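Engineer: Here is what each chain is made of, one letter per residue.
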Amino acid sequence: MHFALSAEQEEFRSVIRSLLERECSTQVLRSAPDGPLLPGLWRRLGEIGALGLLVPEEHGGLGLDEVSMVAVLIEAGRVALPLPATEAIALAGPLLAGLPEHRTILASILRGELTIAADPATTGKFPHGHTAEFVLSGGWGGAGSVHLTPIDAGDLASLASVDPTRGLVRHTGPVGEPIADGPEVLRGWRRAVLGTAAELVGLGRRMLDMAVRHVIDRRQFGAPVGSFQAVQHALAEALVRIEFAEPAVLAAGYSMATGSSDAGRDVSMAKALAGTAASAVARTALQCHGALGYTVEYELHLFLKRTWALAEAWGGAGWHRREVGRSLGLVR
Amino acid sequence: MHFALSAEQEEFRSVIRSLLERECSTQVLRSAPDGPLLPGLWRRLGEIGALGLLVPEEHGGLGLDEVSMVAVLIEAGRVALPLPATEAIALAGPLLAGLPEHRTILASILRGELTIAADPATTGKFPHGHTAEFVLSGGWGGAGSVHLTPIDAGDLASLASVDPTRGLVRHTGPVGEPIADGPEVLRGWRRAVLGTAAELVGLGRRMLDMAVRHVIDRRQFGAPVGSFQAVQHALAEALVRIEFAEPAVLAAGYSMATGSSDAGRDVSMAKALAGTAASAVARTALQCHGALGYTVEYELHLFLKRTWALAEAWGGAGWHRREVGRSLGLVR
Amino acid sequence: MDLRDTSAEAAFRAEAREWLAAHRPDPPLPSGDTAAGFALHVQWERELFDAGWAVVSWPKRYGGRDASLVEWLIFEEEYYRSGAPQRVTQNGIFLLAPTLFAFGTQEQQDRILPRMAATQDVWCQGWSEPEAGSDLASIRSRAVRDEQAGGWRLTGQKTWTTRGAFCTHLFGLFRTDPEAGRHRGLTYFLVPLHSEGVTVRGFGRLDGDDGFADVFFDEVFVPDDAVLGGVNEGWRVAMATTGSERGLTLRSPGRFRQTARRLVDLAASGGDDLDARLADEVVQGWMAAEAYQLFTLRQITGILNGHEPGAASSLNKLFWSELDIRLHATALELIGADGELDGPWSRGYQFALGGPIYAGTNEIQRTIVAERLLGLPRR
Amino acid sequence: MDLRDTSAEAAFRAEAREWLAAHRPDPPLPSGDTAAGFALHVQWERELFDAGWAVVSWPKRYGGRDASLVEWLIFEEEYYRSGAPQRVTQNGIFLLAPTLFAFGTQEQQDRILPRMAATQDVWCQGWSEPEAGSDLASIRSRAVRDEQAGGWRLTGQKTWTTRGAFCTHLFGLFRTDPEAGRHRGLTYFLVPLHSEGVTVRGFGRLDGDDGFADVFFDEVFVPDDAVLGGVNEGWRVAMATTGSERGLTLRSPGRFRQTARRLVDLAASGGDDLDARLADEVVQGWMAAEAYQLFTLRQITGILNGHEPGAASSLNKLFWSELDIRLHATALELIGADGELDGPWSRGYQFALGGPIYAGTNEIQRTIVAERLLGLPRR
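For the protein sequence lines, the chains are C, U, Y and H, in the order given.
Quick note on this note's numbering: the first sequence kicks off at 1 and runs consecutively.
Quick note on this note's numbering: the second sequence kicks off at 333 and runs consecutively.
Quick note on this note's numbering: the third sequence kicks off at 665 and runs consecutively.
Quick note on this note's numbering: the fourth sequence kicks off at 1044 and runs consecutively.
Some clues are possibly wrong.
Covered by chain U, according to a simulated footprint, are these stretches of chain Y (three or more residues, beta-carbon under 8 Å) [as the list claims (entries may be wrong)]:
#: 1; segment: 925–936
#: 2; segment: 944–957
Here are the simulated EDC-like pairs of lysine to aspartate or glutamate, each with C-alpha atoms no more than 16 Å apart in a straight line [unchecked claim]:
#: 3; chain 1: C; residue 1: K125; chain 2: C; residue 2: D152
#: 4; chain 1: U; residue 1: K457; chain 2: H; residue 2: D1385
#: 5; chain 1: C; residue 1: K125; chain 2: Y; residue 2: D1002
Derived from the structure by calculation, the hints contain no laboratory data.
Treat the numbers as computed from the prediction; the structure is a model and nothing was measured.
Glycine included, each C-beta is placed from N, C-alpha and C at the ideal position.
Whenever a hint applies, use it, and build me the whole structure from the sequences.
Structural biologist: Written out as structure tokens, the structure is:
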């Protein structure tokens, strides 16, 4: 038994973290979904191989596994990366890798020249729609087929999301050709759910860090706000939430990487725990910031809003707990 | 609109309170279910009319309504009265009042000479079994018939309850004659549920009072424990719980007294709110007492255990919330 | 105990219901926390005033109906039930006005209240400062006596001022005696925002609307009659207002009962697919809204019997703020992924999240409850 | 990352599982917190010792197997999975022993550990005093130097001492320098309870068992070798023990995973009638138990890589104590009115309620987490 990233995984994570801290400031985040610096950031992620980390080396990827994916997407969550990294890494890369006819698209994604959106429930509503050239639709719950649809083959309208940096759209038009079926779809769904869980862990860490920094700096009643027991205890509980969600997310990555028969259950548990943890941390972080956190001039709201969106994306906590219940024989 | 006890109700409540504070000390409570002073206390409750408060005056009662019943049973809960007051006041009195053939039993109850137990689910398991002469069985959820069974017609065995002062028994033997059907059973069920809710409010108040007194007296780290914000805030939340449950219990009494068509829903809401409030206060009170509250030498545990028993008696909070959901069209 | 309307109350209710059904804005108004929305809200509030519904509990001479506290509650209930919008005048009518009635001179009342009732003036609250949030007593904005001009010069900054960019007047605390300790030496001022030296800068709230403002004061002159309740008496006067704010008058139960009804409708609209766990959440939210109503009825009976709620208003604040979040969070869970879309529930959720922060954070309220209602010792 | 057993670990697991399946008490033993039950438990623990399972992680010369931390965790998992009972020796083995290994002299280790492993001596913990609960540093019991006799005289009272009425020895803190401030001037003593001047009075815990005791010391003589880790060094030494207590060693995940499994079985036994709300509660409890397991695996990997958990053990304490209550509360809701009956779930619930109190209240743990892990400032 050994529960830790390998030295190589740790190194990769650290490279990604440096890159994102440098190139994905909150100023860049505010410029999303179509800020001028975002395409360059996407290309940089491509250059270091992040976007193809699950793609086998013979198809131009890094051939890494889901544990590495989790490590990378926690970092993406930490900066609320306003780009479809989970879509590219978890879904598009592995699905396109086996398909020679889509070699060019894959190569463009891996180089960070092209983004791709995902619409698992085929509702026509999905994020990153204005910048993506394709959308992968279908595959909700791991069932059915996934289709590859060129976005300009249909009509696009902006939708007002709680989180404007997501670039949510309504897309109408013909659905493209099916590119995956059966177990590939199931694996893709699970990877995307897990990737979202990882982003939520990163978001939770970031919001907690911000709250801690704020209550150390902010003084009221002649003392730092963070010296009051009510604030201390609320933040301690927030740390408990994140500390006990993160291992479940990493372990679900391990389950997927090793093809465990419990992978579905583990991924659902990861998403449920990460989503509720990040949502709870969001509330605590906002409360600890007081009115300051309630303004759009301060940065906290960017992370709150992404958390709210991702907590319900790819199945909310209740949905995934039902999946776990099914695996335990408690839900039919 | 006027939401307060009348002067007469207030006066009656106050008389009951004085009597119970005087004659139902925790020493008496510890002596239950068959302590030597309990029969005298029961007779005193009979003498001042409490046991027949819902019985029409022509049948020897006080002819009061369910609002008065709630006021009285909150006081019973405050001392964790180890006698079947809810059974006598809410159930037996009104059910027997219309039955000439049971006039003698009713009179004995009203005089506080006889106690009567209740077993709404007809499981053969009920409290106060060693001291009662009869058990009223059946009527769960307000449906079916209620039967009057002489306890000595069957076999009796003690059951170990979390709350030993309840005198829980297993009774086996023939079920007695039916004495009520239809709307009488429904009213009886609701009254008993409501009476239990009232007891829970009283228990909650008492546990909160004890915790407050303790944290004022107890010093740690050179200061009263009650001056620490974590303790202050936990007790503030406990007060919120009770303060917002009590009006619902009183209002449900009013609904019953005025024959409101919402009475069933209001009573279920009262039980659900009172049960969860008292259970939450129990946890907080125990935590505020620390190890002291965790001993049987100290008094707190007597009230905790009664709370746990009554929270699940006559339908737990989940059961009653489903009833409310049904009335709102959300549950079939 | 009698929870029914008296015949007078029933008549009042029927009149309010009928008028509201005929006049409430339909379709609903946009948010009053944007410049365009605010103008539409002012129009609506003037319509309310013209029909005598703006300030039902006030004396007739100020535009009210001399309605009882119970009738006021009935009006609130019917108002929100009809689907009418939140009121952009609330800080004046529900926070400043009770203070004016308690501490204002006759001249102040006569001058200010009728214009407030008619939405000619709209008041915002100037409590918070960058360094004075929960710790209100650490206010630094100051008022310096100008003997010659017969008044005061105000200098400093207020912030997080709700609708400050759209309001015409501000009430707030300024330090008049810099030598006196924290709570002492503060004075309650009434300030027209068009005064020379006032600069207002609107900025965005969590939900994106420009609902907040910084208000800067640079030697702003106000005459002596801008002082409410006596020089250096501001803390005492303000505490009366904050009691109203956190308690009953700012957030009457009608508003949350209406939200709870909408939640029940939302849950029922899904038909048989409703998950039992979510059904239970809805029931809990609905019961909590009812419990708030019943608590309030009891509280009002107490007030009518001469018991001022005082610190008990902190119980209201704690309860309604958590209730509002719960109702909206449950709705968003019912809605699922579509909850991300801008809409009444997602907007309402963001608004509700402010509840435990504004009007004195819930941490402050719990301390008040512990110390003043439970009698726990201060540190 | 590799969450599978190595082949050595798998072999160890198989051996433990097989032995436990064959030997675990069946029917289960009565509570070890009564005189009669305690005797049966001692018998069982000696059987464990004879088979080499009492202290798997200890060196072979003291009765252990030199098992790795991972193997220890595996043993714990298999132990609770088999249905074997909670261990009445736990305070010695899991709390005192780590301190002895860290601070004891060779002589102390050789003298004490083998008898502890063999359940010849059973140790209880003497921390709390009537006036020193959460505030452990306010201990008043004192030890006065007896130069002539070459030792110390202990006087005072310890209370809430778990199984104090049945144990043979006590470890605890006594004040050796009354002049020194709170945390200073304390010394860690090892005291045989049959010493002259010791009086033990058992008393009832919440669940009715005589699981608690007052231990009175009246000029009790102990020799110099009863001091663990140096005179006036007691606080530092004890803190090492409390770190073990609240964290990993006292409450390994296996115990809660077994409770979670029993809960799932209980819920499944109701068949299709299971309410979706309660099913969700069960799932949440089960997931939390798994999360505790995964957290622990990660923590152990960290320890093996040289990172002492330190204050992080407060995270364990907060999590397992709330988890235990949650699992039992959910079970009681499933059981309904029958939960009133004395039984494993109602007993377990009452026991679980002690979790947030003993081993340092959860309030104390949250403060530790805030100050030491998050770096928040002290008041």
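Engineer: Does each hint fit the structure? Answer for all of them.
Structural biologist: Hint check:
{"no.": "1", "hint": "925–936", "in the structure": "holds (count 4)"}
{"no.": "2", "hint": "944–957", "in the structure": "holds (count 10)"}
{"no.": "3", "hint": "K125/C - D152/C", "in the structure": "holds (15 Å)"}
{"no.": "4", "hint": "K457/U - D1385/H", "in the structure": "holds (13 Å)"}
{"no.": "5", "hint": "K125/C - D1002/Y", "in the structure": "holds (9 Å)"}
This entry satisfies every hint, going by the numbered hints stated previously.
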